[in-house]
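Protein chains in written order, with my numbering: chain A, 1 to 450; chain B, 1001 to 1129.
No lab work stands behind these hints: they were computed from the structure. Hints may be right or wrong, so weigh each one.
Just a sample of chain A residues kept apart from chain B, beta carbon distances all over 10 Å, derived [what the hints assert, rightly or not]:
#1 Glu127
#2 Ala170
#3 Ala437
Partner residues aside, some chain B positions facing chain A, computed with beta carbon under 8 Å [to be verified]:
#4 Thr1008
#5 Ser1057
#6 Pro1059
#7 Ile1084
Calculated Cβ distances over 12 Å to all of chain B for the following chain A residues [to be verified]:
#8 Val38
#9 Pro121
#10 Gly131
#11 Ser156
#12 His184
#13 Thr188
#14 Lys264
#15 Thr281
#16 Thr286
#17 Gly400
Since the structure is predicted, the reported quantities are computational estimates derived from the model, not experimental observations. For every residue, glycine included, the Cβ atom is placed at its ideal position computed from N, Cα and C.
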Amino acid sequence: MNKTNPLSSSRRGFFGLAAAGLAAAVTARGAGPARASVTTNARIVIIGAGAAGTALANRLVQRLEGAQITVIDGRTDHYYQPGLSLVAAGLKPASYTVSRTTDWLPRGVTLLAERAAAIDPEARRVETEGGTRLDYDFLIVAPGLVLDHDAIPGFSLDMVGRDGIGALYAGPDYAARTWQAASHFIETGGVGVFTRPATEMKCAGAPLKHTFLIEDIASRSPAAGRHSFQYTAPQGALFSVPIVAEKVRMLYAERGIETHLRHKLISIEPGRKQARFEVTTIDPVTRAESVSQVDMDYDYLHVIPPMRAPQVIRESGLSWADKWTDQGWVECDQQTLRHLRYPEVFALGDVAGVPKGKTAASVKWQVPVVEDHLVAAIEGRAGTETYNGYTSCPLITRVGRAMLVEFDYKDNLVPSFPGLIAPLEELWISWLMKEVALKATYNAMLRGKA
Amino acid sequence: MKELTFETLLAVFQEMFGATLFWLMLAAAVIITLAYLYVLIRDRSLSMRRFLWAQLSMPLGAVAAVLLTQAVTNSHFRDIGGPIDVIVLLIVAAIGAIGVAILVYTVQSLLRRPGAVRPVQTYDGGQGG
Ligand SMILES: Cc1cc2nc3c(=O)[nH]c(=O)nc-3n(C[C@H](O)[C@H](O)[C@H](O)COP(=O)(O)OP(=O)(O)OC[C@H]3O[C@@H](n4cnc5c(N)ncnc54)[C@H](O)[C@@H]3O)c2cc1C
């Protein structure tokens, strides 16, 4: 008989494993950012402690020694906004998206818990609502964007959750109330009308996701077959990246979701459950545009309002003068996010006036770029990092499935796991990323670690 | 993902489970593995009877791991959409199977005195060798 000696083989295995672990630990340390910290007494002001401002603050305290870093944000709660889509589909409670702003800010920065009220880029000064004045050497504007609900006559936030009205962008509680309205629609059937704004918006996939999720849940409910789904968009395509737009068009056709392009929500009449749209028609021969109005009846209406830069930005003279004039995004270089007229000012996150990039995933790529150029400026050299427009939105198509869509300024797909996770396939692994890994990655990013 | 270093992964896993739970889970895994190695070294042999129980528990561990993953992630078998999903499912199942097998073997070994271990059993029908 052959008598093997498991002991020696497992001992060898054990030592092999330990050696591998040690090697991993050594390489990990070697690969880490072993950059020496830079000593400076620069005054750095960051407006906004959301995804972008918090992540940058954490990285700057690691890089700079002696800098006076002040973060201005009057909101005590921090929102993990990518979770709102899950809350509005009844998959997570509102609390899943809420933490405290101070939970994430590092020691070594000062939090001024107020709103910035005025910026004077000529004098290099920020003033808060409480009247505090802060002079800066470098300014990072990262106040996100504002939702212009007033732009839709007939709609107000207190309607959300009642009479078939949802508005998941408005925040954690509104997302939870959106689910109340949506689940009522799922139970009783009827016409669901889903909208998106004509302006730039954060996470342009979210209106699609909400439609997909509610359709999926409805199609498995006892009332299945009694729903109709109407998706409206002011744009001429379902998504800004053509190859993704085509994929969504096919999925919508498969799922029986009707599409109404060039339809902009302009007002609602909640009493009659009617939404009014401005419809642009293009003559196929002359290409001439004509505008008309149509009313659509709804049993469930999902409202996503126009989005703009916060007022303090629009009034500061930092916005583009010739682009997005109704929205006010900050004028900056696409690659470095540095202001084109005030080199000591950087725009970060949703407020930046760049063609793509209004997602938390973009923030993750933007933060190291701004960090690099800022530290380089302090050291008196030129930075080298560039931002290529990376934007990502795990496009949920069902509860349990998603497409991991990632793209850049040029509308190229830039998959993180090429050959492994296909970007245009509805996969469980992509859902797992959204459901499990995204929040963890987001939190790690906030701490400056991803 | 921008930079997928060992440190990033560690940070992501800590955020996923919370730092305390993460380190507790890691410690539990390490302790069980060490205990397994300990009984192997102590007994200087693999007990086929215990190994049989460990093997029998493997399918249970596999199924439990898959169902648990699905339960915490709101998903089902119908969500498998491509080859990579099957691979993920198999990896989850394999981790569950191996984890449970090691656990079952180790617990049995720790509960019995080392003296009670019979010599390595062979497959020659008990004829000796
Ligand atoms: C429904 C929804 C789904 C999304 N899904 C995804 C997704 O799947 N993947 C993804 O990557 N991204 C997603 N996003 C987008 C992502 O959440 C944002 O792009 C990201 O939060 C942008 O970070 P930010 O720091 O620019 O803005 P925010 O995180 O919004 O932070 C802005 C901060 O500035 C503060 N502020 C505002 N005005 C002032 C002022 N005057 N003075 C001082 N402080 C001020 C605010 O209080 C806030 O704390 C989603 C967003 C929504 C709404």
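Evaluation of the provided hints:
no.	hint	in the structure
1	Glu127	holds, 35 Å
2	Ala170	holds, 24 Å
3	Ala437	violated, 7 Å
4	Thr1008	holds, 5 Å
5	Ser1057	violated, 19 Å
6	Pro1059	violated, 22 Å
7	Ile1084	holds, 5 Å
8	Val38	holds, 21 Å
9	Pro121	holds, 30 Å
10	Gly131	holds, 38 Å
11	Ser156	holds, 32 Å
12	His184	holds, 21 Å
13	Thr188	holds, 23 Å
14	Lys264	holds, 34 Å
15	Thr281	holds, 38 Å
16	Thr286	holds, 44 Å
17	Gly400	violated, 3 Å
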